[in-house]
Amino acid sequence: MSYFFQQLVNGLSDGMIYAGMALALVVVFHGSGVLNIAQGEMATFSAFLAWAASSAHLPWPVVIIGVVVLSFVLGVGVERVFIRPVERASELNSLIVTLAVLLLTEAIIGSIWGFLPRSVPSPFGDGATHVGGVTITYQQIGAAATLAALLVLLYGFFQRTPVGIRMRAATDNAESARLLGVRVGWMLALGWGLAAAMGGVVGILAAPQFGLDDSIFLNVMLYAFAAATLGGLTSMPGAVIGGLLIGVTQTMSSAYVSFIGSDLNVVVPFALILAVLLIRPAGLLGRETAGRV
Amino acid sequence: MNALELRGVSAYYGQVQALRGIDLALAEGEVVSLLGPNGAGKTTTLRAVSRMVRTSGTIEVYGRSISRQRPENVARLGVAHVPAGRGTFSDLTVQENLSLASGMRPRSTSGLVSADLDAVFGYFPILATFRDRRARALSGGQQQMLAIARGLLSRPRILMIDEPTLGLAPQLAREILGQLRTLRDDWNLSILLAEQNAALALHVTDRVYVLESGTVRLVRAAAELTLADVAASSYLGPS
Chain A
42 MSYFFQQLVN GLSDGMIYAG MALALVVVFH GSGVLNIAQG EMATFSAFLA WAASSAHLPW
102 PVVIIGVVVL SFVLGVGVER VFIRPVERAS ELNSLIVTLA VLLLTEAIIG SIWGFLPRSV
162 PSPFGDGATH VGGVTITYQQ IGAAATLAAL LVLLYGFFQR TPVGIRMRAA TDNAESARLL
222 GVRVGWMLAL GWGLAAAMGG VVGILAAPQF GLDDSIFLNV MLYAFAAATL GGLTSMPGAV
282 IGGLLIGVTQ TMSSAYVSFI GSDLNVVVPF ALILAVLLIR PAGLLGRETA GRV
Chain B
57 MNALELRGVS AYYGQVQALR GIDLALAEGE VVSLLGPNGA GKTTTLRAVS RMVRTSGTIE
117 VYGRSISRQR PENVARLGVA HVPAGRGTFS DLTVQENLSL ASGMRPRSTS GLVSADLDAV
177 FGYFPILATF RDRRARALSG GQQQMLAIAR GLLSRPRILM IDEPTLGLAP QLAREILGQL
237 RTLRDDWNLS ILLAEQNAAL ALHVTDRVYV LESGTVRLVR AAAELTLADV AASSYLGPS
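Chains as they are written, first to last, in the numbering used here: chain A, 42 to 334; chain B, 57 to 295.
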């Protein structure tokens with residue numbers, strides 16, 4: 042039984058990383074209708090910044106706050122500089138632009154820090170606690186607590202603050218929002234900033250878990266896209282549930298189904314998504330939308 | 057000084073010209089309606105003021121040219137535009153729709169928010185009952201009330217309402233239009249109404265512009281005008 046719970050803990054802790062990135066994707070997609078392929082690479086950049094800062098022996102709180110603020114600013118900057126010029130063009134254009142941002146970011150990371158993987162210390166230390174035969178590392182506990190706090194903050198921001206409500210209004214009906222005086226363009230940029238800041242936090246949390254190199258988020262982003270799709274692309278709770286579900290199915294399937302092992306486990310989440318989307322095309326918590334022709 | 061003034065305003069959707077040099081004035085405290093058949097340019101006139109369509113000519117709000125402003129800035133100058141089809145935020149609750157609007161008002165009126173909210177709930181009690189519902193769950197008439205309430209709560213100086221009676225039952229349409237003069241007095245507004253239902257509009261407005269094919273066919277005090285005049289001018293050519 043403790044084996045089962047150990048797998049569950051491991052699955053959830055991977056799943057939280059997917060959930061965090063899926064959440065960032067949803068914030069951008071829901072706001073501006075752009076699927077930001079570069080989200081993972083931007084988070085990688087933030088993780089490298091954090092690693093560089095912590096290597097310079099800056100205290101962790103300073104590192105985290107600094108990286109979050111910087112990531113936010115970079116996210117807003119990316120939207121203003123790269124996305125805004127193609128905002129009115131077709132969605133394919135913005136998709137290609139985010140691909141360009143991905144390649145650019147990767148090149149920048151490579152030219153500053155090289156392409157060798159690095160091991161990164163956890164902000165929460167290396168210890169672990171044992172609960173009835175199940176090992177839970179401080180890193181896992183810390184990451185879970187941080188992501189949960191992030192989720193609550195984000196939810197409160199969108200539900201309770203005037204700016205959050207304006208952002209939702211801009212998403213919901215951009216024209217009406219403009220007619221009320223909401224600066225819709227800036228609301229979208231703010232969404233990009235929030236997503237990048239969130240990605241930065243997830244990057245800091247993921248680096249100790251997966252090891253840091255320029256492609257750390259390559260696989261993670263596949264699962265994050267999958268998680269966002271599973272949850273319905275516009276639903277934040279959906280993205281989180283999707284992420285956790287994918288993390289758990291992945292670990293469980295490789296732990297209990299011998300022929301899947303660690304090679305085929307990449308396939309399992311996608312089989313799950315296929316199944317869900319066949320039954321609920323709008324995703325778990327997504328809303329049915331009719332396509333405009 | 058007029059609250060709103062248009063001089064020689066033309067408007068274009070791409071290559072299509074929707075307004076052909078119209079002149080229009082809305083005096084402070086006046087309720088003016090734009091009448092005319094579908095495609096006459098009523099909606100486009102409102103959209104021109106809100107800068108949602110490309111225009112030439114002069115548009116002034118309280119003597120200040122807004123021809124080069126963005127829609128959000130025109131709103132911040134005190135022009136509330138309640139679009140046709142209501143344009144509520146369907147994912148937001150009634151309460152969120154209203155507090156969003158209250159948050160956009162000029163700072164000088166921020167002390168009046170709760171009194172204004174009470175006033176709005178006084179006109180439209182159903183909104184208070186449903187304040188925690190999402191706007192999408194409201195009926196057409198209730199969404200129209202919400203859209204007007206939202207316009208009011210932004211504390212505008214000029215309120216532009218586009219086809220508020222569209223798709224509403226006649227009784228409800230009369231009720232909503234019947235409130236306009238009260239609203240003007242209570243909120244110190246100048247109101248510009250685009251309305252296809254001339255019979256209803258004539259009763260509640262001070263002055264009427266009849267539009268056809270993007271031009272002004274007739275300008276007259278509503279009291280001097282009968283329904284037959286409107287019909288004649290808009291369907292049979294200039295009077």
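Each hint should be verified, as a subset may be incorrect.
Computed spacing ranges between beta-carbons, pair by pair [stated by the list, open to error]:
#1 A:Glu216 x B:Arg120: 38 to 48 Å
#2 B:Arg189 x A:Glu128: 28 to 38 Å
#3 B:Gln73 x A:Phe311: 46 to 56 Å
Hints in this document: simulated from the structure, not taken from any laboratory.
Keep in mind that this is a model prediction, so the values were computed, not measured.
Heads up, the beta-carbon is just placed ideally off N, CA and C, and yes, glycines get one too.
Here is how each hint holds up against the structure:
no., hint, result
1, A:Glu216 x B:Arg120: 38 to 48 Å, "violated (23 Å)"
2, B:Arg189 x A:Glu128: 28 to 38 Å, "holds (32 Å)"
3, B:Gln73 x A:Phe311: 46 to 56 Å, "holds (53 Å)"
Violation of the numbered hints given earlier is confined to hint 1; every other hint is satisfied by the structure.
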